[in-house]
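Between the sequences and the hints, there should be enough to build the whole structure, so can you do that?
Listed here are the chains, written in short residue letters.
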Amino acid sequence: MLGTERDLNYKETELCLGLPGGGGAAAAAAGGENEVESSPKTTGKRGYSETVDLKLNLQSKEAGMDLNQNHENGTKETACTKDPAKPPAKAQVLGWPPVRSYRKNIMANQKNSSDECTEKAAFVKVSMDGAPYLRKVDLKMYNSYQKLCDALAKMFSSFTMEGNYGSQGMIDFMNESKLMDLLNSSDYVPTYEDKDGDWMLVGDVPWEMFVNSCKRLRIMKGSEAIGLAPRAVEKCKSRA
Amino acid sequence: MMNYFPDEVLEHVFDFITCHKDRNSVSLVCKSWHRIERYSRRRVFIGNCYSISPERLIARFPGVKSLTLKGKPHFADFNLVPYDWGGFVYPWIKVLAETGIGLEELRLKRMVVSDESLELLSKSFVNFQSLVLVSCDGFSADGLAAIAANCRFLRELDLQENEVDDHRGHWLSCFPESCTSLVSLNFACLKGEVNLGALERLVSRSPNLKSLRLNRSVPLDTLQKLLMRAPQLVDLGIGSYVHDPLSEASNKLKHAIQRCKSIMSLSGFLEVAPRCMSAIYPICGNLTTLNLSYAPGIHGNKLTKLIQHCRKLQRLWILDCIGDKGLGVVASTCKELQELRVFPSDPFGAGNDAVTEEGLVLVSAGCPKLNSLLYFCQQMTNAALITVAKNCPNFIRFRLCILDPVRPDPVTNQPLDEGFGAIVQSCKQLKRLSLSGLLTDQVFLYIGMYAEQLEMLSIAFAADSDKGMLYVLNGCKKLRKLEIRDCPFGNAALLEDVGKYETMRSLWMSSCEVTLGGCKTVAENMPSLNVEIINESGQTVFNLDEGQKVDKMYLYRTLVGHRKDAPESNQTYLKCRGDLTRSDHHEPSLNDMIKDMKLKNISGDDDFIISESNNFKLQSQLFEKEEAEIMILKWKRL
Numbered sequence: 001m002l003g004t005e006r007d008l009n010y011k012e013t014e015l016c017l018g019l020p021g022g023g024g025a026a027a028a029a030a031g032g033e034n035e036v037e038s039s040p041k042t043t044g045k046r047g048y049s050e051t052v053d054l055k056l057n058l059q060s061k062e063a064g065m066d067l068n069q070n071h072e073n074g075t076k077e078t079a080c081t082k083d084p085a086k087p088p089a090k091a092q093v094l095g096w097p098p099v100r101s102y103r104k105n106i107m108a109n110q111k112n113s114s115d116e117c118t119e120k121a122a123f124v125k126v127s128m129d130g131a132p133y134l135r136k137v138d139l140k141m142y143n144s145y146q147k148l149c150d151a152l153a154k155m156f157s158s159f160t161m162e163g164n165y166g167s168q169g170m171i172d173f174m175n176e177s178k179l180m181d182l183l184n185s186s187d188y189v190p191t192y193e194d195k196d197g198d199w200m201l202v203g204d205v206p207w208e209m210f211v212n213s214c215k216r217l218r219i220m221k222g223s224e225a226i227g228l229a230p231r232a233v234e235k236c237k238s239r240a
Numbered sequence: 001m002m003n004y005f006p007d008e009v010l011e012h013v014f015d016f017i018t019c020h021k022d023r024n025s026v027s028l029v030c031k032s033w034h035r036i037e038r039y040s041r042r043r044v045f046i047g048n049c050y051s052i053s054p055e056r057l058i059a060r061f062p063g064v065k066s067l068t069l070k071g072k073p074h075f076a077d078f079n080l081v082p083y084d085w086g087g088f089v090y091p092w093i094k095v096l097a098e099t100g101i102g103l104e105e106l107r108l109k110r111m112v113v114s115d116e117s118l119e120l121l122s123k124s125f126v127n128f129q130s131l132v133l134v135s136c137d138g139f140s141a142d143g144l145a146a147i148a149a150n151c152r153f154l155r156e157l158d159l160q161e162n163e164v165d166d167h168r169g170h171w172l173s174c175f176p177e178s179c180t181s182l183v184s185l186n187f188a189c190l191k192g193e194v195n196l197g198a199l200e201r202l203v204s205r206s207p208n209l210k211s212l213r214l215n216r217s218v219p220l221d222t223l224q225k226l227l228m229r230a231p232q233l234v235d236l237g238i239g240s241y242v243h244d245p246l247s248e249a250s251n252k253l254k255h256a257i258q259r260c261k262s263i264m265s266l267s268g269f270l271e272v273a274p275r276c277m278s279a280i281y282p283i284c285g286n287l288t289t290l291n292l293s294y295a296p297g298i299h300g301n302k303l304t305k306l307i308q309h310c311r312k313l314q315r316l317w318i319l320d321c322i323g324d325k326g327l328g329v330v331a332s333t334c335k336e337l338q339e340l341r342v343f344p345s346d347p348f349g350a351g352n353d354a355v356t357e358e359g360l361v362l363v364s365a366g367c368p369k370l371n372s373l374l375y376f377c378q379q380m381t382n383a384a385l386i387t388v389a390k391n392c393p394n395f396i397r398f399r400l401c402i403l404d405p406v407r408p409d410p411v412t413n414q415p416l417d418e419g420f421g422a423i424v425q426s427c428k429q430l431k432r433l434s435l436s437g438l439l440t441d442q443v444f445l446y447i448g449m450y451a452e453q454l455e456m457l458s459i460a461f462a463a464d465s466d467k468g469m470l471y472v473l474n475g476c477k478k479l480r481k482l483e484i485r486d487c488p489f490g491n492a493a494l495l496e497d498v499g500k501y502e503t504m505r506s507l508w509m510s511s512c513e514v515t516l517g518g519c520k521t522v523a524e525n526m527p528s529l530n531v532e533i534i535n536e537s538g539q540t541v542f543n544l545d546e547g548q549k550v551d552k553m554y555l556y557r558t559l560v561g562h563r564k565d566a567p568e569s570n571q572t573y574l575k576c577r578g579d580l581t582r583s584d585h586h587e588p589s590l591n592d593m594i595k596d597m598k599l600k601n602i603s604g605d606d607d608f609i610i611s612e613s614n615n616f617k618l619q620s621q622l623f624e625k626e627e628a629e630i631m632i633l634k635w636k637r638l
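Here the protein sequences come in this chain order: A and B.
Take 1 as the starting number for the first sequence in our numbering and just add one per residue.
Take 1 as the starting number for the second sequence in our numbering and just add one per residue.
If you're looking for bench data, these hints aren't it; they were derived computationally from the structure.
Please note that the accuracy of each hint is not assured.
With a straight-line Cα cutoff of 30 Å, these simulated DSS-like cross-link-like pairs (lysine-lysine) come out [stated by the list, open to error]:
| no. | chain 1 | residue 1 | chain 2 | residue 2 |
| --- | --- | --- | --- | --- |
| 1 | B | Lys390 | B | Lys369 |
| 2 | B | Lys109 | B | Lys500 |
| 3 | A | Lys147 | B | Lys302 |
| 4 | B | Lys252 | A | Lys140 |
| 5 | A | Lys195 | A | Lys221 |
| 6 | A | Lys104 | B | Lys191 |
| 7 | A | Lys104 | B | Lys325 |
| 8 | A | Lys104 | B | Lys305 |
| 9 | B | Lys431 | B | Lys335 |
| 10 | A | Lys125 | B | Lys109 |
| 11 | A | Lys125 | B | Lys302 |
| 12 | B | Lys481 | B | Lys431 |
| 13 | B | Lys21 | B | Lys325 |
| 14 | B | Lys109 | B | Lys478 |
Quick look at which bits of chain B chain A covers, simulated, 3 or more residues with Cβ under 8 Å [what the hints assert, rightly or not]:
| no. | segment |
| --- | --- |
| 15 | 172-179 |
| 16 | 415-423 |
Pair by pair, the computed Cβ-Cβ distance ranges are [claimed, not checked]:
| no. | chain 1 | residue 1 | chain 2 | residue 2 | range |
| --- | --- | --- | --- | --- | --- |
| 17 | A | Asp204 | B | Gln232 | 43 to 53 Å |
| 18 | B | Pro368 | A | Asp196 | 27 to 37 Å |
| 19 | B | Lys305 | A | Ser213 | 30 to 40 Å |
| 20 | B | Asp15 | A | Ala108 | 46 to 56 Å |
No experiment lies behind these values; they were computed from the predicted model shown.
Just so you know, even glycine gets a beta-carbon here, dropped at the ideal spot from N, CA and C.
Here you go:
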């Protein structure tokens with residue numbers, strides 16, 4: 001009933017698992033040596049996959065699985081891997097691996113916020129219209145637009161940035177007229193070239209996204225930045 | 001021949017006996033020794049807070065000054081125990097306070113600690129000096145504020161891996177100006193901001209401060225200032241370590257670190273920019289302990305370069321992103337290494353960077369003093385384990401966790417029975433073992449045969465039948481804690497020798513084959529055991545029929561019967577018929593009891609529960625001797 005008898009030496013390379021439950025427990029409880037010896041290994045090794053299956057609500061295994069059968073059902077493949085080097089996508093079994101939940105939480109949080117620290121520094125060139133030479137900044141050293149602009153202001157002391165930074169540290173371009181004012185003034189406006197080679201207005205996207213996509217910075221006069229405005233204005237309209 | 005010494009002399013002799021096990025043995029020699037040991041006992045260790053009551057503790061040891069308590073079962077660390085299961089410290093503190101005990105030190109592990117308890121603690125014991133909380137929960141920064149404010153002679157506040165609600169960070173400011181006694185301050189596990197100015201002032205006025213572990217919110221410039229004020233530090237935990245190596249801040253830091261010539265233990269780096277590690281190199285040569293297991297940002301070359309500076313390391317905790325090659329560097333550099341822990345950097349599944357058997361073999365070859373291991377890895381082979389067993393016969397703790405828990409030896413496709421068998425056969429001092437990988441009953445046969453000193457065994461997804469569990473229960477005479485999950489062990493194994501559980505602290509079985517009927521049988525026959533059942537489905541025991549499997553069973557010996565604080569919701573425990581003082585039972589003779597104790601090797605326990613239990617029985621019978629005879633020094637092996 002539980003399929004082909006299992007060879008204790010596991011000569012078959014497939015680690016296929018048959019039905020759990022019933023037979024194994026009964027055999028164990030019976031206490032008879034023969035039954036225990038010959039009963040196919042059930043819940044022990046099956047336990048893991050069974051647990052995974054139950055938790056994923058995969059289809060229940062069919063009885064009488066032959067170890068050498070190719071399984072039509074794709075889900076079985078996760079239980080019967082031939083290639084241990086490529087572990088199947090793991091479902092999470094409760095409490096495994098046995099890592100203290102405190103540690104798990106810390107590592108999960110660190111994964112989310114670690115990009116700033118674990119990747120290489122993001123040095124980008126900064127040019128300012130009218131300045132005789134360029135500078136470089138490491139975007140990873142800052143965690144908001146405000147901090148970046150403060151740093152840029154220090155670097156280019158004749159440069160002051162006017163901008164209304166919202167809660168996310170992003171320039172608040174909600175106000176269309178404010179935007180037009182800014183662009184019409186002689187104040188400087190920070191812009192950047194992104195991965196696609198487009199020149200964008202700094203401040204539209206969340207900070208992390210900006211850091212990942214910014215290739216170089218250019219601080220240009222507001223009047224020159226008007227060409228970039230249509231995109232910003234569109235975004236403004238779509239948010240309103 | 002002198003028949004006895006005056007009490008004061010014996011007390012002085014007993015002062016030299018600090019190990020719990022030995023003190024328990026001493027107390028069983030005769031009435032007089034029992035009495036003297038009792039009154040001179042200062043430190044008590046209670047491995048399961050439900051095995052005894054605070055009242056009985058105080059009745060036995062009225063002079064207790066230091067108490068260690070453990071609450072939840074070990075698997076609670078992995079979310080297998082409901083949050084409201086129990087382990088409350090409040091009742092203990094309340095009773096100790098009410099009876100006027102001069103408590104000075106409290107060490108808790110896996111207990112629920114409310115702010116109320118902390119406040120009561122801080123106000124009840126004038127001489128309170130040391131609070132150590134490991135893997136606890138239930139408190140907030142308010143509780144810490146009470147400790148800071150009220151414990152005038154506080155020397156140690158050590159918070160390790162606790163879940164703390166610390167939304168308000170003012171607790172540090174609560175240390176009064178008059179508090180200058182701090183020796184150890186560890187708040188690395190707190191998530192919130194702390195008052196940096198208060199921290200600086202506190203460190204400045206603590207000339208005895210030897211251990212300081214900061215949390216993530218403490219920035220670099222504060223770290224630098226703290227180091228300038230406390231160059232005498234021996235143990236440092238760095239919070240945030242992000243700086244530009246070319247900046248002035250970095251230079252100042254380097255200078256500050258170099259002044260700290262006593263630092264032997266380093267940890268933290270909870271936030272790190274790895275290119276700044278060179279500032280640490282000057283102190284690496286003295287390090288005996290290094291914990292980088294919360295610093296995934298340090299890996300690759302930066303990590304190995306750092307380790308190459310640490311020639312004196314005895315204890316190393318790292319993440320598996322070190323890789324097998326990195327472990328090779330450890331092997332060639334750290335010849336004094338005794339303890340290695342390699343944690344998974346991706347704790348939710350198999351990481352791509354995980355280490356394999358190769359790394360472990362390298363370390364075992366290069367570090368002959370290795371005696372303690374916790375190793376999370378992708379895979380393991382029998383050959384590797386056999387080699388490791390040969391290279392390192394001194395293991396006391398061997399915990400192997402293969403991320404896929406039923407993975408066989410990838411080279412031979414065999415189970416890992418032979419490999420672990422080699423470990424237990426070679427490592428004759430092995431006290432703690434955790435198994436993983438594909439395992440049959442065979443490995444348990446080996447464990448039962450060879451692991452004579454084994455005290456704690458953790459099993460998951462292993463074995464084929466009840467035989468596995470029986471091999472262990474029959475063979476491991478010194479077993480104290482057995483925890484099993486997802487194994488095919490059922491009633492036959494559970495019920496074979498229920499008396500055995502009285503010699504153990506606890507047994508945990510979850511997702512096994514044990515039924516309600518089996519649990520009931522244990523409870524009904526063993527009044528000295530509490531049998532608790534936790535059913536996930538929310539069904540109480542009364543809705544289960546006897547043939548149904550229980551989700552989780554936790555049984556433990558106790559002298560005080562059922563606890564009153566178990567949650568009603570999804571847990572129940574089984575009452576046995578009768579209680580500890582059954583009068584319808586034939587009282588065993590003293591000789592019977594001593595024989596029984598010898599058979600069960602009871603006196604080898606490290607907490608005093610069993611000796612207390614025996615005293616309870618023996619005192620009613622009279623000791624054979626009122627006073628000890630000097631010639632009979634059998635107190636080590638009663």
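Holds or violated: are the alpha carbons of Lys125 (chain A) and Lys109 (chain B) at most 30 Å from each other? violated, 53 Å
Please work out if Lys104 (chain A) and Lys191 (chain B) have their alpha carbons no farther apart than 30 Å. Holds - the C-alpha atoms of Lys191 (chain B) and Lys104 (chain A) are around 15 Å apart, at most 30 Å.
30 Å Cα cutoff - pair Lys390 (chain B), Lys369 (chain B): holds, 13 Å
Run the distance test for Lys147 (chain A) versus Lys302 (chain B): straight-line Cα separation, threshold 30 Å. The given pair, whose Cα atoms are some 28 Å apart, holds under the 30 Å limit.
Pair hint Lys21 (chain B) and Lys325 (chain B), alpha-carbon separation not exceeding 30 Å: Since the Cα atoms of Lys21 (chain B) and Lys325 (chain B) sit roughly 42 Å apart, the hinted pair is violated (cutoff 30 Å).
Quickly compare the C-alpha distance for Lys195 (chain A) and Lys221 (chain A) to 30 Å and report which way the hint goes. Within the cut-off at roughly 23 Å; holds.
Hint consistency between Lys252 (chain B) and Lys140 (chain A) [alpha-carbon to alpha-carbon, up to 30 Å]: Judged against 30 Å, a Cα distance of about 22 Å means the pair holds.
Given the proposed pairing of Lys481 (chain B) with Lys431 (chain B), does the C-alpha separation stay at or below 30 Å? Given that 30 Å is the threshold and the Cα spacing comes to 11 Å, the pair holds.
For the pair supplied as a hint, Lys109 (chain B) and Lys478 (chain B), confirm whether the alpha-carbon distance does not exceed 30 Å. holds, 23 Å
Please verify the coverage claim for the segment 172-179 of chain B: does it have three or more residues whose C-beta sits within 8 Å of some C-beta in chain A? As far as the segment 172-179 of chain B goes, the hint is violated, because 0 residues have Cβ atoms under 8 Å from chain A.
A range of 30 to 40 Å was offered for this pair. Does it hold for the Cβ distance of Lys305 (chain B) and Ser213 (chain A)? holds, 32 Å
Is the straight-line distance between the alpha-carbon of Lys109 (chain B) and that of Lys500 (chain B) 30 Å or less? holds, 26 Å
Hint violations for this structure: numbers 10, 13, 15, 16 and 18, all remaining hints satisfied.
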